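Q: Next come the chains, spelled out residue by residue.
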Amino acid sequence: MKKNNHPTKTNPLNVKELIEKGKKTRKVSQKLEKIIPFILLSITAVSVLTTLGIILTLLTETIHFFNIIPIWDFLTGTVLKPLNKVPEYGVLPLISGTVISSVIAMIVAAPIGLMTAIYLSEYASEKVSLVVKPILEVLAGIPSIVYGFFAFTFVTPLLREFIPGLEAANILSPGIVMGIMIIPMIASLSEDAMSSVPDIMREGALALGSTKLEVTKRVVIPAALSGIIASFVLGISRALGETMIVTIASGSTKNFSFDVTQSMQTMTAYIVEVTSGDAASGSTIYYSLYAVAMILFIFTLLMNVIARYVSRKFREEY
Amino acid sequence: MSTLTAKRLNIETKLSDDLSKGLRPVEKVKKMIYETNQLHIWYGETHAIKGIDLPVYEKEVVAIIGPSGCGKSTYLKTLNRMVELVPDVRISGKVAYNGKSIFDESYDVEELRLRVGMVFQKPNPFPKSIYENVAYGPRIHGIRNKGVLDEIVEQSLRKAYIWDEVKDRLDTSAYSLSGGQQQRLCIARCLAIEPEVILMDEPTSALDPKSTFKIEELIRELKETYSIIIVTHNMQQAARISDKTAFFLDGELIEYNETNNIFNNPSDSRTEDYILGRFG
Amino acid sequence: MEHINEEQVKRRRNLRLLTNRVAQFIFMLSTLFGVIVLGILIYRVVSQGIGWIDINFLTGKLSTEPERAGILGAILGTFWLMVVVVPITMILGVGTALFLEIYIKKGRLQSFLQTNIANLAGVPSIVYGVLGMTIFVRALDLGNIVLAGGLTMSLLILPIVIVASQEAIRSVPQHLSEASYGIGATKWQTIRHIIIPAALPGILTGAILSFSRAIGETAPLVVIGIPALLIPLPGSIFDKFTVLPMQIYYWTLDASLVEEYANLAAATIIVLLLVLFLLNLAAIIIRHKFKKIY
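Protein chains in written order, with this note's numbering: chain Y, 7 to 324; chain C, 121 to 400; chain P, 6 to 299.
Be aware that a few hints might be false.
Claimed, not checked - In silico SDA-like links for lysine to any residue, alpha-carbon gap of 20 Å or less:
#1 Y:Lys33 with C:Arg235
#2 Y:Lys40 with C:Glu231
#3 Y:Lys218 with P:Thr24
#4 P:Lys192 with C:Asp388
#5 P:Lys110 with Y:Lys218
Simulated from the structure, these hints should not be mistaken for laboratory data. In this text the structure is predicted, and so the values were computed from the model without any measurement.
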């Protein structure tokens with residue numbers, strides 16, 4: 007049966023000879039082959055250089071700044087008045103502004119994000135998840151400038167209806183909106199952690215007659231705890247570094263206070279203020295922005311390292 | 121025998137063909153293509169191959185059998201140095217192809233893989249058209265002429281007995297083929313660069329009996345032209361298609377002999393146990 | 006067993022079931038919260054801005070008079086910014102991903118590079134702005150032109166593009182590259198002809214999403230010092246520029262001076278969101294069209 011379509015009939019082609027002839031092109035490609043790892047290595051080096059660039063620029067200019075303003079005065083000063091005749095550079099007002107806005111954001115984002123995650127992971131049907139998840143993704147994809155606009159033109163006026171004495175620029179409104187912005191991130195990271203809890207663990211508890219809520223409280227959340235904590239920490243990191251919402255909606259008063267109805271400046275908003283103010287390169291105020299950026303960088307880096315450490319522990323559990 | 125193959129064979133092998141009809145001492149005349157001496161391979165801490173010596177002669181089908189994890193696939197992948205893709209692998213000992221040690225610094229791996237084709241356990245066509253799958257090898261080795269490529273593609277598909285099934289749809293995706301067809305396409309892809317040796321790593325283990333039969337037919341046909349080293353799980357398959365059989369166990373070569381001898385008169389009790397299905 | 010008071014158990018069970026119901030309801034409300042806020046946000050923006058969008062708005066230059074102001078400059082600025090960002094991040098992102106996934110052996114160096122990239126992804130965007138202002142605008146003396154902004158933005162989204170590309174490359178089945186090596190293809194040939202084509206949909210999806218991040222990002226550009234003044238339309242990457250989010254920023258700030266500016270900001274937000282929506286749609290289409298076949 008084979009004889010009919012046996013290759014005998016076809017034209018004899020000497021592929022080997024042809025390949026031998028093409029050797030010259032192979033020489034070129036072999037050279038390329040040796041160069042490419044080095045090209046890719048130097049491309050990869052860009053990320054390392056970026057890190058180095060960030061650290062070096064922040065460090066050198068910060069050191070400059072500390073030569074003018076003693077580091078201790080800066081870190082413990084409660085007054086920040088760089089434009090005064092006798093300027094004062096205390097960073098605590100900025101830190102309090104940053105911490106307060108982040109706390110407000112987390113008060114909004116942590117419970118709502120976590121409850122959303124519980125609903126999606128434990129209660130919602132496939133259909134509901136299929137609709138809700140993309141909506142949350144859209145929410146996460148909205149640029150922060152849009153949230154800033156929303157805080158300034160909608161949330162602040164709305165809050166002022168209920169809270170008499172709320173200033174037009176205040177830290178409460180941007181804090182809340184920042185929280186809304188972070189909800190999708192916490193929801194999706196926590197949901198990932200909860201979904202990766204093996205079903206066997208749930209079934210064991212359900213078989214004993216537990217309700218879903220009890221299973222969630224006693225089995226799922228404990229098992230996914232480090233993942234959930236990591237999502238919170240990343241949320242905090244995100245809030246600390248958020249710029250546009252607070253810049254637009256919280257004004258630029260360098261208040262060292264805990265009154266959320268007032269205007270407060272965050273570290274990020276201070277950097278924006280200094281750079282948009284066209285500070286002369288070399289002036290003290292110009293150097294101060296690096297010192298502030300350095301603190302911000304260290305804060306967020308710390309959060310990210312913690313989050314990674316916590317979630318790595320979580321992976322080891324199963 | 122095709123004019124093509126005739127052209128490729130030198131007089132020496134023709135002589136040996138004649139000899140093989142009458143006399144038995146074929147090995148003396150046949151050229152040794154693979155020589156393995158004291159080969160050891162480690163994956164990290166695992167000692168996967170423990171000192172193997174194994175000669176392979178031209179135009180033979182050598183079957184390698186043994187239970188899972190015995191090192192047979194590892195050995196096969198060593199022959200074209202694919203084993204080096206595994207991270208943490210260490211190799212000692214010697215493997216020579218056509219008299220040259222393949223682990224030498226100066227040895228050109230791509231050249232080796234050009235001469236030694238490989239067919240894998242699972243059909244693994246590229247996510248490209250049928251035509252592009254076969255043309256891939258010649259193309260990367262510098263053949264750009266469309267007419268030549270057309271011819272190579274047709275010829276290779278014919279040799280793999282799949283031409284009639286695909287000739288009308290060369291531009292469709294290789295994934296539109298059945299598993300058995302995909303495996304024959306992979307064989308065609310391998311033949312397109314006219315290798316001297318074909319390594320087959322359990323080529324039918326993922327296929328149904330009908331496709332398996334077709335591939336075995338094909339192997340019998342191919343051994344006229346190529347040396348074939350085939351790893352198989354299936355002892356009947358080894359018995360059906362191979363000239364010689366090597367039995368591996370725990371990284372060691374227990375026995376290597378004419379297939380007839382291995383199956384009818386094994387010299388090692390472990391070989392016998394395995395063949396009779398006492399383990400594995 | 007006699008100690009169990011059936012009546013009590015029943016009552017407790019009912020209570021537990023009720024708690025479960027109530028909790029489920031609260032969880033659902035939380036989930037709805039995000040959805041509702043998104044609805045309000047979009048409704049607010051659209052109702053405030055839609056009336057201001059017309060052909061003059063889209064093709065007009067910046068003006069102090071709200072009725073005559075247009076965003077062509079910002080649209081062009083965003084376009085030119087992408088002209089810088091897209092090629093740079095694609096080359097650097099895919100190149101780094103290839104190096105990390107294919108060339109480098111697992112070990113200290115690899116985990117150092119990987120950790121570094123993870124850390125970079127968490128650096129606030131404003132810090133990139135400070136870096137860009139210091140290096141590109143001042144040290145290299147580029148000034149606040151598209152190129153400087155584009156380079157800054159590229160560094161900002163590079164970690165995201167790298168990670169997405171790595172995932173895409175990792176998801177190309179090993180047996181495909183084995184088949185290619187088995188025929189005698191070199192590493193680079195295998196990468197070019199097999200791995201990149203197979204990973205491309207994944208790479209593109211990730212890249213497009215990070216481009217939309219770059220399009221909406223404001224803080225680094227504020228720091229770089231993009232002017233709020235009337236500037237000529239940018240015609241190349243060496244021109245001064247503004248982008249859509251910057252325009253939104255300045256109009257929002259100035260809304261306390263001229264009320265209509267808030268409407269202009271809303272109108273610009275609509276345009277920005279539309280652009281982002283289209284990009285996301287493209288990413289979704291690519292993801293669906295090239296669903297894994299192997």
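Q: All the hints need checking, so say for each whether the structure fits it.
A: Against the structure, the hints:
1. Taking the CA atoms of lysine 33 of chain Y and arginine 235 of chain C, the gap is near 18 Å; set against the 20 Å cutoff, the hint holds.
2. The suggested pairing of lysine 40 of chain Y with glutamate 231 of chain C holds, with an alpha-carbon distance near 16 Å, which does not exceed 20 Å.
3. Distance check on the hinted pair: lysine 218 of chain Y and threonine 24 of chain P sit about 10 Å apart at the alpha-carbon level, within 20 Å; holds.
4. Restraint check: the Cα-Cα separation between lysine 192 of chain P and aspartate 388 of chain C comes to about 43 Å, which exceeds 20 Å; the hinted pair is violated.
5. A distance of roughly 46 Å separates the Cα atoms of lysine 110 of chain P and lysine 218 of chain Y; the hinted pair therefore is violated under the 20 Å criterion.
Against the hints set out earlier in the document, violations occur for numbers 4 and 5.
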